[in-house]
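S.K.: Each chain, written out:
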Amino acid sequence: MRIKAADIIVIILLFCSVFFIKNLFIASGAPVLVLITEKGEKELSFKDQLYDLKEETGHEMIVEVKDGKARIKESDCPNQICVLTGWVSSCGDAAVCIPNKVAVYVKCENEDDGLDAVSR
Amino acid sequence: MSNAKTKMTDLTPSQDRTALIGVFTALSIVFGIAENFIGLPLPGLRLGLANIGIMLAITMLDFKAAFAVAFLKAIIVPLVTGNFIVKVSIGLPATLASTFLMLTYFKLCGRFITSVSMGALGGLVHITVQFFTAGTFYIQSPAVYGLLPYFAAVSAACGVFTGYAALMIEGYLKRSQERSRKNDSENYTG
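Just so you know, the sequences run in chain order E and Y.
For the first sequence, the residue numbers in our numbering are 1 to 120.
For the second sequence, the residue numbers in our numbering are 1001 to 1190.
Think of the hints as simulated: they come from the structure by calculation, not from any bench.
Check the hints yourself; a few may be wrong.
Computed footprint of chain E on chain Y; a stretch qualifies when at least three of its residues, placed anywhere within it, have a C-beta under 8 Å from a C-beta of chain E [to be verified]:
#1 1099–1113
#2 1117–1126
#3 1151–1165
Cβ coordinates follow ideal geometry from the N, Cα and C atoms, glycine included.
All chains should be built: construct the whole structure from the sequences, respecting the hints.
M.R.: Structure below.
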């Protein structure tokens, strides 16, 4: 009993498929960066940019967008959870600051379709 | 004298099959309990040694035997290891789904493949169904699927390992079956 050539091919294919398994469950589609504040939702562009939220929220907050990822760079909130969350880039990721009522969220277009809706 | 001895071991094919189902089920259950004590880098993941019994039933017996082994293993191992309801609700669908797919795979391309790639497939299906049931009934957050690729990769690697183990055992079993058949015929003629 020995391993056959087809075995190796199938195993390699299975390992490649690992990278696509996630897409079975998480909605794909074009990601959109959404900034949520007390005043409502706003779409952010994917261009590298710093957003100063002092005027909007009255708090010392800076949101940074870079290389298609976003993060809350600075915040005056006590726990710094939103800053420690780091970069958000894939569908459903979010960095949230509850005391200042600010969140950066990656929204995907067909998120309300399919399995994702069931699991909620 | 030798005739009496051979008669005792001379089982009909259906008796042989029943005995093998029992052996494979026992193997699965013992491995299933034992692997609870083998830790892996990712929490909650097991080597899948219990799958060896199921794979042997697929390659050496038939689909009824494979499902019998899979079902008994999925019920009895949680009975012994505890946390019965959670483990059965997550594990039973996963075990049955992976058994079904491994069987289909073996029936379709059994001539070209061995249990090594079948094990990898089974591991992958098992962990995916587990994530789906756990995500639907227990965790209810899509974030859990973010972990799936890592679990799936480790699971497929474990499947290769257990598949290879099953292949070795299968080879040994077939050799010993042939040997006993040969001995029997020698005894009859001699």
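S.K.: Are there hints from earlier that the structure breaks, and if so, what are their numbers?
M.R.: none
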